[in-house]
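Student: Given chain A, work out where chain B should sit, using these hints.
Chains A and B, in that order, are what the protein sequence lines are. The first sequence begins at 0 in numbering that gives the first Met the number 0 and counts up by one. The second sequence begins at 0 in numbering that gives the first Met the number 0 and counts up by one.
If you are wondering where the hints come from, they were derived from the structure by calculation, not from laboratory data. Treat each hint with caution, since some may be false.
Stated by the list, open to error - The calculated lysine-lysine pairs, modelled on DSSO-like cross-linking and capped at a C-alpha distance of 27 Å, are: (1) B:Lys81 - B:Lys20; (2) A:Lys20 - A:Lys81; (3) B:Lys20 - A:Lys81; (4) A:Lys20 - A:Lys69; (5) A:Lys20 - B:Lys81; (6) B:Lys69 - B:Lys20; (7) A:Lys20 - B:Lys20; (8) A:Lys81 - A:Lys69; (9) B:Lys81 - B:Lys69.
To be verified - Some chain B residues flagged as far from chain A (calculated, every beta-carbon gap over 12 Å): (10) Val67; (11) Thr68; (12) Gly70; (13) Phe71; (14) Gly73; (15) Arg74; (16) Glu85; (17) Gly106.
Ideal Cβ placement from N, Cα and C applies to all residues, glycine included.
There are 2 protein chains.
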Amino acid sequence: MSDRKEAPFAFEGLDRVLHEKARLGILTSLADYHEGLGFGELRDLCGLTDGNLSRHIQILEEAGLIDVTKGFEGRRPHTNCKLTAEGRRRFDDYLAVLEQVLLLARGDAVKVPGTNGKPA
Amino acid sequence: MSDRKEAPFAFEGLDRVLHEKARLGILTSLADYHEGLGFGELRDLCGLTDGNLSRHIQILEEAGLIDVTKGFEGRRPHTNCKLTAEGRRRFDDYLAVLEQVLLLARGDAVKVPGTNGKPA
Chain A
0 MSDRKEAPFA
10 FEGLDRVLHE
20 KARLGILTSL
30 ADYHEGLGFG
40 ELRDLCGLTD
50 GNLSRHIQIL
60 EEAGLIDVTK
70 GFEGRRPHTN
80 CKLTAEGRRR
90 FDDYLAVLEQ
100 VLLLARGDAV
110 KVPGTNGKPA
Chain B
0 MSDRKEAPFA
10 FEGLDRVLHE
20 KARLGILTSL
30 ADYHEGLGFG
40 ELRDLCGLTD
50 GNLSRHIQIL
60 EEAGLIDVTK
70 GFEGRRPHTN
80 CKLTAEGRRR
90 FDDYLAVLEQ
100 VLLLARGDAV
110 KVPGTNGKPA
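Only chain A is shown next, with the shape it has when bound in the complex:
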């Protein structure tokens, strides 16, 4: 195994809980809406089925990234999801790594020393 310090493309910060495509969509939606979003809004914004959204919401809630509140709007049950403070912090950290991926992939970042390959 390599030493992490010598593995600049390991992207340890790409936490799999946040990096998964559907959950990334959910978190990105919620990042924009500080008051949170209802289940149906999230489903439509993210293009998910009810079942898929339920599963991903549960994973995000168990990871402490989102708060889920169940209540009623009039007589209809209403589920609201919003980022926790911890979720916002971890999502910000994740986005910083994504930014680094973009910089590295486009060759704008500092070149990695000590490799035998030939930089483009």
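Tutor: For chain B alone, coordinates are given in the frame of chain A:
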């Protein structure tokens, strides 16, 4: 199911073959090194075990994203991996979606109309 056109956070362009964390590291490494990288170099840059790297290389090769050439350097076997033209194109497309994720997550992109949520 939602109409894709109405699901701005579905991120259809985040192809799972490219989005997986280890493969994203491999592709990002190769994007910088046009001549390709050897197996050992890739393993160290990406912080992967031999077994993991082999598995991901196979997936990327089968998807047509990288070319794998096996030969010798002196008397030692040497495996070289490089992006195919198709791989470079698809990786560029993927990076454009990542950029859109960053813009949306940070509220710099055009706000999504037609939702009932309250933008931050």
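Student: None of the hints should be skipped; say for each whether it holds.
Tutor: How the hints compare with the structure:
{"no.": "1", "hint": "B:Lys81 - B:Lys20", "result": "holds, 18 Å"}
{"no.": "2", "hint": "A:Lys20 - A:Lys81", "result": "holds, 18 Å"}
{"no.": "3", "hint": "B:Lys20 - A:Lys81", "result": "holds, 26 Å"}
{"no.": "4", "hint": "A:Lys20 - A:Lys69", "result": "holds, 25 Å"}
{"no.": "5", "hint": "A:Lys20 - B:Lys81", "result": "holds, 26 Å"}
{"no.": "6", "hint": "B:Lys69 - B:Lys20", "result": "holds, 25 Å"}
{"no.": "7", "hint": "A:Lys20 - B:Lys20", "result": "holds, 11 Å"}
{"no.": "8", "hint": "A:Lys81 - A:Lys69", "result": "holds, 12 Å"}
{"no.": "9", "hint": "B:Lys81 - B:Lys69", "result": "holds, 12 Å"}
{"no.": "10", "hint": "Val67", "result": "holds, 15 Å"}
{"no.": "11", "hint": "Thr68", "result": "holds, 14 Å"}
{"no.": "12", "hint": "Gly70", "result": "holds, 16 Å"}
{"no.": "13", "hint": "Phe71", "result": "holds, 16 Å"}
{"no.": "14", "hint": "Gly73", "result": "holds, 14 Å"}
{"no.": "15", "hint": "Arg74", "result": "holds, 18 Å"}
{"no.": "16", "hint": "Glu85", "result": "holds, 16 Å"}
{"no.": "17", "hint": "Gly106", "result": "violated, 6 Å"}
In this structure, only the earlier hint numbered 17 is contradicted, and the remaining ones agree with it.
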